[in-house]
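Enquirer: All chains should be built: construct the whole structure from the sequences, respecting the hints.
Line by line, the protein sequences are chains L and Y. Under my numbering, the first residue of the first sequence is numbered 18, with each subsequent residue one higher. Under my numbering, the first residue of the second sequence is numbered 6, with each subsequent residue one higher.
Hints may contain errors.
Said to hold, decoys possible - Simulated DEER-style distance windows between Cβ atoms:
#	chain 1	residue 1	chain 2	residue 2	range
1	L	Ala-108	Y	Arg-76	49 to 57 Å
2	L	Leu-30	Y	Arg-20	16 to 24 Å
3	L	Arg-68	Y	Ser-118	14 to 22 Å
4	Y	Glu-88	L	Leu-126	31 to 39 Å
5	L	Leu-102	Y	Glu-23	21 to 29 Å
These are computed hints drawn from the structure, not numbers from a lab. Using N, Cα and C, we set each Cβ at its ideal position, and we do this for glycine too.
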Amino acid sequence: MTEYVVRFFLGGLVVSAFAMLGDVLRPKSFAGLFGAAPSIALATLAIALYRHGPGYAALQARSMMLGAIALALYSVVACQLLVRLRLRAVAATSLSLIVWLIASLGLLLLVGGAT
Amino acid sequence: MIPIRFAPSSLREGRWYEYVIRFALGGAATVFAGLISSWYGASAGGLFLAFPAIFCASATLIENHEVRRKRRAGLAGKRRGQEAAALDAAGAALGGIGLLAFAAVFFLVVEDSIWAAFAGALIAWVIVSVAAWYGRRTWRFVRVAWH
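Expert: Next comes the structure, spelled out in structure tokens:
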């Protein structure tokens, strides 16, 4: 239980720090880079190293590469939904989550990550 | 020259509950990634280290701020809000390439040195993200000048 409380506060803190950095940077397309900052990764990998060691963290980082490809795809789709279909941000970004899920799980199955 | 600048005044546009929501979503996404790892293993959990959980909140925040700003000027601002959120998403797509570099460097280095893995991965994220953004920006200028 304590581990998940630490996860929550550490994750919230790192995510907020990167998001605020993105808020104060201009132009907006540059600030958008912080939408893909390794905030959840920093907190999770630090805890994984502490609890399970480098081998486990390396395994997580390997799959994270696939998640990052899916994130880039997700962002392109969200951008297109906003520009072409003129959806509201909440609708475009929520709908695009389906793309992230399909892409990331599809890539994981493709490379055969099972552990 | 790269026209990157700080605009600290934009922090004042945010409402306190918007920052609380972002903190809570960030915390929840980190807990979720941990739960997936313990239920389905490190490989499946690793995917969620690049989960765009807070992107929804950030894009909505950017859209709302832009709409509010335009409304103060007597305009509807809906379209401008969508464009601002789309620009943020375009940046995040390039940031995704940087995130890929972060994960690759961490994966390659972590079993040799933990500190070098974190430092190297963060440096790789910054260099690759900024280079991708700058490359795209230059390409757009060249394309506009050509036409």
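Enquirer: Run every hint past the structure and note whether it holds.
Expert: Checked hints:
Against the hinted window of 49 to 57 Å, the Cβ-Cβ separation of Ala-108 (chain L) and Arg-76 (chain Y) comes to about 20 Å, which falls outside the hint. For Leu-30 (chain L) and Arg-20 (chain Y), the Cβ-Cβ distance of about 20 Å falls inside the hinted range of 16 to 24 Å, so the restraint holds. Checked against the hint of 14 to 22 Å, the pair Arg-68 (chain L) and Ser-118 (chain Y) passes, with Cβ atoms roughly 19 Å apart. Against the hinted window of 31 to 39 Å, the Cβ-Cβ separation of Glu-88 (chain Y) and Leu-126 (chain L) comes to about 36 Å, which satisfies the hint.
Roughly 25 Å separates the CB atoms of Leu-102 (chain L) and Glu-23 (chain Y), a value that falls within the hinted 21 to 29 Å.
In summary, the one numbered hint that this structure violates is 1.
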